[in-house]
Amino acid sequence: EKMVRHQQMMNHVTSNTSEFWAFKFIEELRKSNKIQDHANPTPLLDLIYLKNQFINSNKKLLLLDYDGTLTSIRKIPSAAIPSKELLDSLSILCSNESIIVFIISGRDETFLEKHLGHIPNLGLSAEHGCFIRFPNKSEWINLIDEIDLSWKNDVLPIFEYYTERTIGSFIEHKRASLTWHYRLADPNFGSWQAKECQNHLENAILSKLPVEILLGKKNLEVRPISINKGEIVKRLLAEYSDIDFIFCAGDDKTDEDMFKMLKKVENIPHPISCTIGSAKKMTQAAYHVLDSSDIINLLTDLANLSK
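The working numbering puts the first residue of the sequence shown at 9, with every later residue one more than the last.
In case anyone wonders, no lab produced these hints; they're calculated from the structure. Quick caveat: nothing in here was measured; it's all calculated off a predicted structure. Here a beta-carbon is modelled for each residue, glycine too, at the ideal position from N, C-alpha and C. Heads up, a few of these hints could be off.
Here are the simulated distance ranges between beta carbons [stated by the list, open to error]:
id	residue 1	residue 2	range
1	S249	D309	36 to 44 Å
2	E247	L313	40 to 48 Å
3	A212	D54	43 to 51 Å
Okay, derived cross-link-like pairs now, DSS-like style, lysine-lysine, Cα gap no bigger than 30 Å in a straight line [unchecked claim]:
id	residue 1	residue 2
4	K261	K315
5	K160	K226
6	K225	K288
7	K92	K122
8	K268	K216
9	K261	K271
10	K67	K226
11	K92	K160
12	K289	K315
Using the sequences and the hints given, assemble the complete structure.
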């Protein structure tokens, strides 16, 4: 343990050069400018309006991200398991024939099956839209059958390079993506390494391979560019054409694809999209709440209204 702490301190000292602090200063200036450019803060979710719309609609579609939305972000991803309150609310909502619920997550099928797959009538989508399991179906539909995943052979060595040099970081292997996590690393050094890794990936592969790089909350993910959560939303809207109420919630960049897609919806007057975070957060969502617990409380209320 002492050796690990010593190594972390050594990394921190050796990496925090004048160049590092200059970089951090410029980054903060950029963030400040982005916030200033976001002149119109995202309004707080209007719960009275939402509940009225929910009650007065005939067919409802709930589109929910998982990490950071239905559970708080955890240092160890496997520790982010659903609460009993959430499971109870989802079970009640899914038991109502007028309500369709989909969890659209970056998690893989195994995790979603283990923790949510037992809920009857719950729809699931894994790996940001690469796989989907419709309500009351046991099989997963693979939406990347014809997508070339050989790019992993180029990305993995780069992730391994930074993993070896960043204590506390690790690589998560999914069927359609690779994610480098640095939540357990020294915060400053981890952020620095993530930026270096992102630059490395952009210079080495971005222009050559059909992938995109997503900088998430203490992670860096590489995935096929042709698949995202917005495409899943588009598919669901075509599947359930009689929907007259939509509520969509998510907390990070991958969820912005859902919010963008909902802006294109024409047959539903006001689909309700909601991000989790500050009112100053740059987002395509129409509303915001401050914390994932607000979404859990909302689902509890909607479950009670649906009984």
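Here is how each hint holds up against the structure:
no. : hint                    : in the structure
1   : S249 x D309: 36 to 44 Å : violated, 27 Å
2   : E247 x L313: 40 to 48 Å : violated, 25 Å
3   : A212 x D54: 43 to 51 Å  : holds, 46 Å
4   : K261 x K315             : violated, 34 Å
5   : K160 x K226             : holds, 20 Å
6   : K225 x K288             : holds, 17 Å
7   : K92 x K122              : holds, 14 Å
8   : K268 x K216             : holds, 26 Å
9   : K261 x K271             : holds, 16 Å
10  : K67 x K226              : violated, 37 Å
11  : K92 x K160              : violated, 37 Å
12  : K289 x K315             : violated, 35 Å
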